[in-house]
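The listed protein sequences derive, respectively, from chains Z and S.
If you count the first sequence from 1, position 224 lands on 224 in the working numbering, and the numbers rise without skipping.
For the working numbering, count along the second sequence from 1 and bump the result up by 1000.
None of these hints come from the bench; they were simulated from the model.
You may find that some hints are simply not true.
Stated by the list, open to error - DEER-style ranges, computed between Cβ atoms:
hint, chain 1, residue 1, chain 2, residue 2, range
1, S, 1051, Z, 80, 49 to 59 Å
2, Z, 29, S, 1102, 46 to 56 Å
3, Z, 246, S, 1372, 46 to 56 Å
4, Z, 4, S, 1103, 15 to 25 Å
Keep in mind the model is a prediction, meaning the values are calculated, not measured.
Don't be surprised by glycine CBs; every beta carbon is placed ideally from N, CA and C.
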Amino acid sequence: MPKRPRVAVWKFASCDGCQLSLLDCEDELLAVAEAVEIAYFPEASRAFGKGPYDVSLVEGSITTPHDAERIREVRRSSKVLVTIGACATSGGIQALKNFRNVRELIATVYARPEYIDTLTTSTPIRDHVPVDLELRGCPINKNQLLELLNATLNGRRPNLPSHAVCLECKQRGIPCLMVTQAIPCLGPVTHAGCGALCPAFARGCFGCYGPSDAPNTVPLAQHFRSTGVDSGTVERLFLGFNANAEPFRTQALRMSLGAEAKPSTSKGES
Amino acid sequence: MEPAGQRNDTIALSRNALAGLVNAIKLDGFAVFGPTVRDGAIVYDHLDSLEDLPIGVTDKLAPGHYRLAPREDHALFGHHVGPHSLRREFLIPVATLFRARRTPQGFAQIEEPPPARKLALFGVRPCDLAAVAIQDRVLLNDAYRDTDYAARRHGVLVIAANCTQAGGTCFCASMNTGPEARAGFDLALTELDDDTIVCTIGSDVGRALVQRVEHVPASDQLLERARLLLNDAATHMGRTMDPHGLRDLLATTLEHPRWDDIASRCLGCANCTLSCPTCFCTSMEDMTSLDGTEASRLRRWDSCFTVAFSYVHGGAVRPSLKARYRQWLTHKLGSWHDQFGSSGCVGCGRCITWCPVGIDLTEEITALRQPGGS
Chain Z
1 MPKRPRVAVW KFASCDGCQL SLLDCEDELL AVAEAVEIAY FPEASRAFGK GPYDVSLVEG
61 SITTPHDAER IREVRRSSKV LVTIGACATS GGIQALKNFR NVRELIATVY ARPEYIDTLT
121 TSTPIRDHVP VDLELRGCPI NKNQLLELLN ATLNGRRPNL PSHAVCLECK QRGIPCLMVT
181 QAIPCLGPVT HAGCGALCPA FARGCFGCYG PSDAPNTVPL AQHFRSTGVD SGTVERLFLG
241 FNANAEPFRT QALRMSLGAE AKPSTSKGES
Chain S
1001 MEPAGQRNDT IALSRNALAG LVNAIKLDGF AVFGPTVRDG AIVYDHLDSL EDLPIGVTDK
1061 LAPGHYRLAP REDHALFGHH VGPHSLRREF LIPVATLFRA RRTPQGFAQI EEPPPARKLA
1121 LFGVRPCDLA AVAIQDRVLL NDAYRDTDYA ARRHGVLVIA ANCTQAGGTC FCASMNTGPE
1181 ARAGFDLALT ELDDDTIVCT IGSDVGRALV QRVEHVPASD QLLERARLLL NDAATHMGRT
1241 MDPHGLRDLL ATTLEHPRWD DIASRCLGCA NCTLSCPTCF CTSMEDMTSL DGTEASRLRR
1301 WDSCFTVAFS YVHGGAVRPS LKARYRQWLT HKLGSWHDQF GSSGCVGCGR CITWCPVGID
1361 LTEEITALRQ PGGS
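Isolated chain S, as found in the complex (with noise of 0.2 Å):
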């Protein structure tokens, strides 16, 4: 792996500097996001300050199962990625898109700004960041744009976390989104063992940031330890998935009967699509105000995986869990390229973890490249 960036574009902060980043941050009006222990997790919510984070806390993540562990040392990126993913402050669970109000005219939109805040992303992980790049590229690229996500995307500050350990379902080696974050930062963070934080600046409004803190030109030395830590991290992957002929691979492979045997596990109860940080299925809800004055449209988390979500006239496209896992599978890894130009999985291994069942697609993978049989 290269040394992240530019020499004069990597510098070297302590952890009180950081401190006074997020503090800056903070003055500048910004809502801070990021990793923070909740409810037996590690989360994405509102950071006050740099004691938010879950320091000296470490996840342990297999299939179907995640557990939080105290760490020997007081690290404040020592973990992994957590149940939620950024989509959840972007392609928010529940929007609404618009409301109307019934006039002698007829039909009147009311007019509402647009959702505005300043939010400032803090210790995000970059499988977390490519997959926004993902999401950016169906809901902001398209003929169709989002207005509600493009409102919440919108002037975002990403300060993003390299992670220099690798999680029990990770594999974002395999699908070449980490463990360095390469895009979409302002500013990408890789702690040492000894606090010192080694900072790639990655935007102009980035390298204004770190101005008002304390901070130094990273060292070769200081860069030789970040790349060795990262190096580590990349060869110590939880899991891992060839993405090699995968389109190919799932095109041609319909009537694997892996595909029944995954089915008789499935629960299909739609966690790993809600788990995933790039799935985008919503579903349209009309309300309407008691006296049926006004009306408004809202936009809710669906998925591949409930049966009404591929329900036309007459009934359900996939009325089988075989079918809807089925169409998962394929769309993500396979189909997602024809569509968008890139695999639709960043490897952050949340549908491994998150799957109460713990199913694993990696493993899935694995026995449908065997011929026939399972």
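Just chain Z, same shape as in the assembly (with noise of 0.2 Å):
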């Protein structure tokens, strides 16, 4: 038998609800065991397997000086690290506090704000170390891990498409939501990934997985006030799992400062 590739998972500031994805796969999960060794796994076993690791799961965002040390050395011991999940990809909710006062935050919070060490940030992973491959998701989808494991094992390019949510919709033949029924959804604007999931179940998308690799937010949020959404409601939408991420945290600033621009007739912006 060919060495296995040693898979080690981390945790950073998250829900743990990315990793879970890895024990979730159920059917699947005897052939991973098999074709990986799963070196370090905290969540999932009391083996502590010391590094070098092939690949690396990270989970999670930084938000204490502590995690902006122990990434590096996650960094040092891993030949390919993947972060996974929103946390680990845009800061995840917890990057609201980037808008807010963090002391002040922590003296709302906590009885004792004194024991409290933290940054005035939640940033993801690639803001500290070179990532090599980022999976979206709040929480990532079990099938799109699989797949990046697969063609990790198999030596292929993984097929995670950067579209947005629209065309996973349209391919399962869902009506859209803000045709038929003025809902707001952040589908045109969002990653692919999930399988147009929220659609499916006549919610608009929430933005799980980020921005698309080509987001036109502006005429988006437009187009939301236009149907009475007031602008609020609006920078909420926005400030989900993926505050952070730049499209979004823009859009919501722009909704939050009224710097919205007016809804473009076609005349006189060209």
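Got two chains here, separate frames each, mind docking them using the hints?
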């Protein structure tokens, strides 16, 4: 048997949901465990195998000085570093603190604020070390994780399209919720990967997978406003699990500053 | 508009007889697909009987807007086109093109029978049939024949429904594809307001089929009533687009400022292309089993609106939204003529209705016809 790739799973500031997607592989889990050596995965095993690792799956964002150091260690001991989920890829829901005064937040939440040692920001892994690949989602989709492991084992490119969720919605034949019900939906600007999970249940896309490769958020926000959604609601739509992802953050700030452009008539902007 | 077909090729039948026709088709082992209400829209899906049609339901169409509404009558075909086109059935969203196994002798293809299904399309619209003819031209009649598409297209029974009313985004009359089906059907139905169905026979299969239900030759009076209804639909299109000179217009307006204006409104979401019944862009994906002993190649719907679609070594050929929208419209209405000998647009209006922000290509063409500024 050829030497199996050694895989490590790391946790930073996160809820563990993405790591659990690996355990959630159920039907495929035994095959995965045979194909790779799970060397380090505290969520699942007491065996703490030392590095170096062939593949490190990194969950969570960087919110403390300690973690900012630890991720460098992880990078040093990993051939390939893959971030899994919205926290590791954009900063996660906890990146909402980037928009606020963190000292005040801590004082509001904790009885003894002096015990808390935190950075003023929640930032993605790529802000700290080079990242080889990012898996999107809150949480990630187990099929995408399997595809990534599969492609890595077989030496091929993983199929992880970066276009909008709309393509997945249309492939499933779901009538567009924006068109049929005027439901605000982030699908047109959100990275595919979930298989249009929420629109299939008549819910607008929450943007869990973050921005697509070419999101045009301005006309989408203008459209929401033109259908009667108030500015604050539009702002909160973009302040979700990927609030710190650049196109979403910028759009949210535009809304909060009242700097949203006037709905474009087809004249005068060219 | 000329009366539909030759006199002896046009019959009249009752709604009961039409229900019998559906049963006859099912008895012959066909899966019947047609318009039906699901998820707040009239989609193409399985029909068990005539009762599954959107009876007494219509759809209100506007740019970026689609709503179902009740009708005062109980018309079978008192609606327009919904989100689905027929390409879902033929150029399916995800198709496995082949599978292969690793063997000691090398790479061995796994032989699989072609997809086999007896499909009957019931109540499909003339614009959609025109679109199928265009996709046939692209996917069957070129040097490269799509075998999966060919297998799915083979032996399909087509019962068309002519349009006696036009929707708010319809412009088939401009594109000369409707409101009356002229080719590509076994039977074409025109529903009159007293439930009488005037039926044009388009093939020997269709002729044999109607022999199995009660019918009479269509009288001159019935033909005239059908003609008036179809004329009325043709003159009440929600949209119009002058098809003349579009090829040259689009070839000579590549730097028109209107393209920047469109790019400021376009979401780049690809919904127009995925709603379009003639768009055929797909991408290939290679998959492997985890242990690497099996591989498969998938063909998946894609769109010229995705950045990755024009990616070649080093980057995307069309990195800007402006370039991608322009690519779509110039191909659809312009260079399609050079490539396939017709327009790529059938005037169904889906790209207008299903654009979440309601970008209207007929309006954009009008603007592009204005020199210089928008």
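Structure-based check of each hint:
no.: 1; hint: S:1051 with Z:80: 49 to 59 Å; result: 57 Å, holds
no.: 2; hint: Z:29 with S:1102: 46 to 56 Å; result: 24 Å, violated
no.: 3; hint: Z:246 with S:1372: 46 to 56 Å; result: 35 Å, violated
no.: 4; hint: Z:4 with S:1103: 15 to 25 Å; result: 24 Å, holds
Hint compliance for this structure: hints 2 and 3 are broken, all remaining hints hold.
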